[in-house]
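K.L.:
If you're matching positions, the sequence shown starts at 24 in the numbering used here and goes up one per residue.
One thing to keep in mind: the hints can contain errors.
What the hints assert, rightly or not - Derived DEER-like restraints, expressed as beta-carbon distance ranges:
{"hint": "1", "residue 1": "Lys131", "residue 2": "Leu157", "range": "15 to 25 Å"}
{"hint": "2", "residue 1": "Asp29", "residue 2": "Leu145", "range": "14 to 24 Å"}
{"hint": "3", "residue 1": "Ile143", "residue 2": "Phe36", "range": "11 to 21 Å"}
{"hint": "4", "residue 1": "Asp56", "residue 2": "Lys155", "range": "32 to 42 Å"}
{"hint": "5", "residue 1": "Lys159", "residue 2": "Ser42", "range": "13 to 23 Å"}
{"hint": "6", "residue 1": "Glu135", "residue 2": "Asp78", "range": "14 to 24 Å"}
{"hint": "7", "residue 1": "Met124", "residue 2": "Glu99", "range": "11 to 21 Å"}
{"hint": "8", "residue 1": "Gln107", "residue 2": "Phe36", "range": "37 to 47 Å"}
Hints are computed from structural coordinates only; laboratory data are not their basis. Each residue gets a CB set at the ideal place from its N, CA and C atoms; glycine is no exception.
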Amino acid sequence: MKNSIDFQISELFFRLHSSIRDKFEIRDEITIDLTLNQIQILIYVYEHGQPQISDIAKHFKVTLPTVSINLNLLEEKEFIKRVQDTQDRRITRIQITPSHMDRMKRAKQQKEQIMKRLLIRLSDSEKNQFAKLLGKIV
Numbered sequence: 024m025k026n027s028i029d030f031q032i033s034e035l036f037f038r039l040h041s042s043i044r045d046k047f048e049i050r051d052e053i054t055i056d057l058t059l060n061q062i063q064i065l066i067y068v069y070e071h072g073q074p075q076i077s078d079i080a081k082h083f084k085v086t087l088p089t090v091s092i093n094l095n096l097l098e099e100k101e102f103i104k105r106v107q108d109t110q111d112r113r114i115t116r117i118q119i120t121p122s123h124m125d126r127m128k129r130a131k132q133q134k135e136q137i138m139k140r141l142l143i144r145l146s147d148s149e150k151n152q153f154a155k156l157l158g159k160i161v
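Please model the complete structure; the sequences and the hints are all you need to start from.
P.N.:
Shown next as structure tokens:
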């Protein structure tokens with residue numbers, strides 16, 4: 024199997040995972056004491072305004088309890104707060120607290136820089152092809 028294409032792909036995925044993990048290990052006052060999942064949730068909430076918990080779960084393809092656990096921890100650290108929808112009180116929305124809004128802007132910029140560094144060697148057509156292939160896998 025060592026020379027098979029499956030083995031080569033497996034090795035490349037491992038190296039890609041390691042590369043992404045290493046680049047996301049950059050910690051600052053924005054991300055200190057947060058897991059990668061919590062950072063991804065924060066960025067999602069920042070980019071989507073005030074999503075519902077179910078929106079977050081659907082986006083990341085995880086269960087509502089998984090999202091709730093992460094949101095509880097983020098709420099304890101005062102990164103987010105739960106607010107009732109102004110038009111439908113049955114709906115709870117998630118929002119970034121005002122004290123962390125600037126930090127989230129910097130975190131989003133950091134994410135974009137990391138992705139640029141990871142993809143710099145690819146042409147636009149290669150990036151499109153890569154995205155299509157990853158979409159089929161994921």
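K.L.:
For each hint, tell me whether it holds in the structure or not.
P.N.:
Tested hints:
1. Lys131 x Leu157: 15 to 25 Å: 21 Å, holds
2. Asp29 x Leu145: 14 to 24 Å: 23 Å, holds
3. Ile143 x Phe36: 11 to 21 Å: About 19 Å separates the Cβ atoms of Ile143 and Phe36, which means 11 to 21 Å holds.
4. Asp56 x Lys155: 32 to 42 Å: For Lys155 against Asp56, whose Cβ atoms are near 36 Å apart, the range 32 to 42 Å holds.
5. Lys159 x Ser42: 13 to 23 Å: 21 Å, holds
6. Glu135 x Asp78: 14 to 24 Å: 22 Å, holds
7. Met124 x Glu99: 11 to 21 Å: 18 Å, holds
8. Gln107 x Phe36: 37 to 47 Å: Cβ of Gln107 to Cβ of Phe36: about 42 Å, so the range 37 to 47 Å holds.
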